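Protein chains: 4
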Amino acid sequence: MDIIEKLTEIFKEFPGIGERQAKRFVYFLMSRTGAYNENLSSLILDLKKEVAQCKECFRFFIIENNKKTQICEICANPHVDSSVLMVVEKDSDLESMKKSKVYHGKYFILGGLVPVVEKNTKSRVRIDELKKKISTEARPQGLKEIILAFSISPQGEHTDQYAREQLKDVTEKFNIKISSLGKGLSTGTELEYSDNDTLKNALKNRQ
Amino acid sequence: MDIIEKLTEIFKEFPGIGERQAKRFVYFLMSRTGAYNENLSSLILDLKKEVAQCKECFRFFIIENNKKTQICEICANPHVDSSVLMVVEKDSDLESMKKSKVYHGKYFILGGLVPVVEKNTKSRVRIDELKKKISTEARPQGLKEIILAFSISPQGEHTDQYAREQLKDVTEKFNIKISSLGKGLSTGTELEYSDNDTLKNALKNRQ
Amino acid sequence: MDIIEKLTEIFKEFPGIGERQAKRFVYFLMSRTGAYNENLSSLILDLKKEVAQCKECFRFFIIENNKKTQICEICANPHVDSSVLMVVEKDSDLESMKKSKVYHGKYFILGGLVPVVEKNTKSRVRIDELKKKISTEARPQGLKEIILAFSISPQGEHTDQYAREQLKDVTEKFNIKISSLGKGLSTGTELEYSDNDTLKNALKNRQ
Amino acid sequence: MDIIEKLTEIFKEFPGIGERQAKRFVYFLMSRTGAYNENLSSLILDLKKEVAQCKECFRFFIIENNKKTQICEICANPHVDSSVLMVVEKDSDLESMKKSKVYHGKYFILGGLVPVVEKNTKSRVRIDELKKKISTEARPQGLKEIILAFSISPQGEHTDQYAREQLKDVTEKFNIKISSLGKGLSTGTELEYSDNDTLKNALKNRQ
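Residue numbers (the numbering used here), protein chains in the order written: chain A, 1 to 207; chain B, 1 to 207; chain C, 1 to 207; chain D, 1 to 207.
Treat the hints loosely; a few may be bogus.
Claimed, not checked - Here are the simulated SDA-like pairs of lysine to any residue, each with C-alpha atoms no more than 20 Å apart in a straight line: (1) B:23 x C:188; (2) D:12 x A:145; (3) B:6 x C:39; (4) D:48 x A:32; (5) D:6 x A:128; (6) D:12 x A:128; (7) D:204 x C:188; (8) D:204 x C:14; (9) D:200 x C:103; (10) B:200 x A:32; (11) A:48 x A:95; (12) A:12 x D:13; (13) C:6 x B:144; (14) B:90 x C:103; (15) C:101 x D:196; (16) B:168 x B:129; (17) A:90 x A:128; (18) B:6 x C:51; (19) B:99 x C:19.
To be verified - Sample of chain B residues with no beta-carbon within 12 Å of chain A, all distances over it, derived: (20) 3; (21) 31; (22) 60; (23) 65; (24) 183; (25) 192; (26) 204.
Bear in mind the hints are in silico, worked out from the structure with no lab data behind them. These figures come from a predicted structure and were not determined experimentally. We treat Cβ as the ideally placed atom computed from N, Cα and C, and that holds for glycine.
Could you put together the complete structure from these sequences and hints?
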């Protein structure tokens, strides 16, 4: 494999990128100035150095002022509501929720969804880390509710169910409520074109 | 205007049909057999004769066995739960809800949505008919809840608000609850790409 | 089947219309005034009466002023260039070509394309009528060229080939040229995303 | 700007990538192993070192075996037909044409298209380098034809016209023909939906 093919293979792993666009990226980089490529190259190399994964929520965050902190600014913020913990699949879900400014509690990144057919799920998602986190947060911090916040898809539904089963013992022990994001009509939904599940949820959750 | 142009104009009013497809419909009809066109022509003519608009819910329904009934089979069905009344915009919304088999109560077709900027709304939607219907259904039939079931769009939201204001007096008088379909994540919704309103509703309606 | 289902079935045969849109058409017609439906119904019935199929080119055309003509206005027009005859699949192709105002000769509607795997093709397309037409036009009218104008698809290519074989004898007898529409880059084509056949044709037909 | 924002800005310049996907790329890289990112980083850095721009055709190519060659393998290949020179906009157009295996001559990368309204075009495209190339290739190599191969768009058409004007003198001097890729129906084109220009070209280029 020559360097064009190697780079094409790597870009193909980028989210949403197919062979053709991966190759366009390579030709794009060939036509750039040396300075542009050097800048991109060194930023990619620095990313891991300037970014740390939070020991509390497993979120990636930028290390500020060379501080040797291992806790992200949300987990370190004393004003964040520590009575609720929202469990999301990935960083970009957290960013989306954070941006909406409707939630003011803590987060936990599960690191993936649980496939519907899967034997060894523990290796994939951070369910053990989540249990430990709940135990730690329960007593002193007064954690009262876990909010499961997964996408509405077969995998998302399965992960919701899986998490409820796995967290049953620890949440019962500390008397913590488990809830899931509300389902129903989302912005732009037209009744006429809604699927049965959405109509069922919309009816059940009417208010 | 020749007949091709006249028919094109009419087909252009069909939902979702532009000039080009309207014209294709005309050429399609020209190439059909005479029998096909005669059949279509007479079915269109018969449609109004074989279909009646229900005096109770304003839904269109097929008149069975030449009965002179003015009430559709849902309104006439004694097993339908008459304690709830779902208000929808149009017939196809009702059909969609009916098909999902999750709702077993009565319906009312409002006949449209209330535009956000609009002076004379009464002429457009059947709000007076709805008030009258509620008064009638309230005492003997034991109507207990009105479910507003509009699409999640500026017009849908506006109509929800408008209906709540207009129905305030009659529902308070008869102690009838007003609810709206639940909002939140609908099937296929990905957290990462959700708008703020949907996230807010999903969080508020968590359970 | 009730009338709603019957009409839905018919609308489903309209070009490009699926079950859901077919049903929307029926609900649309139910909500229209009686006058609208009567007008549509009678126009559909009149279509076949006011439209005739040209005996020369098999095109559908509007019969003007109750004249008992069997020849369309293109075939009847003495200023149309009768030295060229363009063979197209269907009426809408002819309309598109006519609208572009780049061609000033005669037309012939073949009435379909020849499927790649098909035993009894003659029954489907008007190849015998075309042969007869060519014989008739050859001597007195001075027909010099047949232009095959089919879409660039497997069926279109197959029909082009089929027509060339079938017309070989009659065109050789009368010394008539057979040509096909030029292939190459069409408006909006980007070189980067072109298929091999288009590139081959574009290169071959460079000028 | 933190490193996430900086990288997002750079990825936004990649062809076809918007803000949202650019950010997803950054989160994707954060979640990768250090080895993956180091590999990507060093490949991007090496790209310019392992790739050279051909002095003859301005195409990017991989330097094989550390040879200090400045000529790509197409330009260096004695079996390539040097009597034709195809002028394309960019590397990916050349790759597409090369892959189709229908052309066996030389290439020249113009480096862009000429905008319809533009004062200083020379700085953008390699028209001077092309003229020089033609002069050099004309006598000894026996260059006989220049094929202009631009996309069918206002800019592509304008560049075709611009190149013809600019190359007039040098091609007349050496008696070299200028042609452009053939226009007409491309694969998948349906007559019914074709624009006037495509129909005009298809008719003109019939054969």
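Status of the hints after comparison with the structure:
1. For the hint linking residue 23 (chain B) to residue 188 (chain C), the alpha-carbon distance of about 25 Å lies beyond 20 Å, and the restraint is violated.
2. Only pairs whose Cα atoms come within 20 Å are accepted, and residue 12 (chain D) paired with residue 145 (chain A) is rejected, the gap being roughly 39 Å.
3. Distance hint between residue 6 (chain B) and residue 39 (chain C) is fulfilled; the C-alpha atoms sit about 10 Å from each other, no more than 20 Å.
4. The suggested pairing of residue 48 (chain D) with residue 32 (chain A) holds, with an alpha-carbon distance near 9 Å, which does not exceed 20 Å.
5. The hinted pair formed by residue 6 (chain D) and residue 128 (chain A) fails the criterion: a straight-line CA distance of about 34 Å is larger than 20 Å.
6. Among the hinted pairs, residue 12 (chain D) with residue 128 (chain A) is inconsistent with the structure: their alpha-carbon atoms are about 37 Å apart, more than 20 Å.
7. About 18 Å separates the Cα atoms of residue 204 (chain D) and residue 188 (chain C), which keeps this hinted pair within 20 Å; it holds.
8. With a C-alpha separation of about 34 Å, the suggested pairing of residue 204 (chain D) with residue 14 (chain C) is violated against the 20 Å cut-off.
9. Under the criterion of a C-alpha separation no larger than 20 Å, the hint pairing residue 200 (chain D) with residue 103 (chain C) is consistent with the structure, at around 8 Å.
10. Simply put, residue 200 (chain B) and residue 32 (chain A) have alpha-carbon atoms about 43 Å apart, too far for the 20 Å limit, and the pair is violated.
11. Distance hint between residue 48 (chain A) and residue 95 (chain A) is fulfilled; the C-alpha atoms sit about 19 Å from each other, no more than 20 Å.
12. Between residue 12 (chain A) and residue 13 (chain D) the CA atoms are separated by roughly 17 Å; this keeps the pair inside 20 Å, and the hint holds.
13. Proximity of residue 6 (chain C) to residue 144 (chain B) is assessed by CA-CA distance (about 38 Å); at most 20 Å being required, the pair is judged violated.
14. A distance of roughly 49 Å separates the Cα atoms of residue 90 (chain B) and residue 103 (chain C); the hinted pair therefore is violated under the 20 Å criterion.
15. Proposed proximity of residue 101 (chain C) and residue 196 (chain D) is supported: the alpha carbons are some 8 Å apart, at most 20 Å.
16. The suggested pairing of residue 168 (chain B) with residue 129 (chain B) holds, with an alpha-carbon distance near 15 Å, which does not exceed 20 Å.
17. With a CA separation close to 16 Å, the supplied pair residue 90 (chain A) and residue 128 (chain A) stays within the 20 Å bound.
18. Between residue 6 (chain B) and residue 51 (chain C), the direct Cα distance comes to roughly 13 Å. Compliance with the 20 Å bound is thereby established for this hinted pair.
19. For the given pair, residue 99 (chain B) sits about 15 Å from residue 19 (chain C) by alpha-carbon distance, which is consistent with the 20 Å threshold.
20. Annotated as non-interface, residue 3 (chain B) keeps its C-beta farther than 12 Å from every C-beta of chain A; the closest such distance is 33 Å.
21. Taking the minimum C-beta to C-beta distance to chain A, about 32 Å, the non-interface status of residue 31 (chain B) holds against the 12 Å cut.
22. Residue 60 (chain B), annotated as away from the interface, keeps every beta carbon of chain A farther than 12 Å; the closest lies near 15 Å.
23. Interface exclusion of residue 65 (chain B) from chain A stands, the closest Cβ pair being 30 Å apart, more than 12 Å.
24. Distance check for residue 183 (chain B) against chain A: the nearest CB is about 5 Å away, which does not clear 12 Å, and the non-interface claim fails.
25. Listed as outside the interface, residue 192 (chain B) is inconsistent with that label: its C-beta sits roughly 5 Å from the nearest C-beta of chain A, within the 12 Å cut-off.
26. Residue placement check: residue 204 (chain B) does not keep its beta carbon more than 12 Å from all beta carbons of chain A (closest about 7 Å).
Of the numbered hints given earlier, the model fails hints 1, 2, 5, 6, 8, 10, 13, 14, 24, 25 and 26; all others are met.
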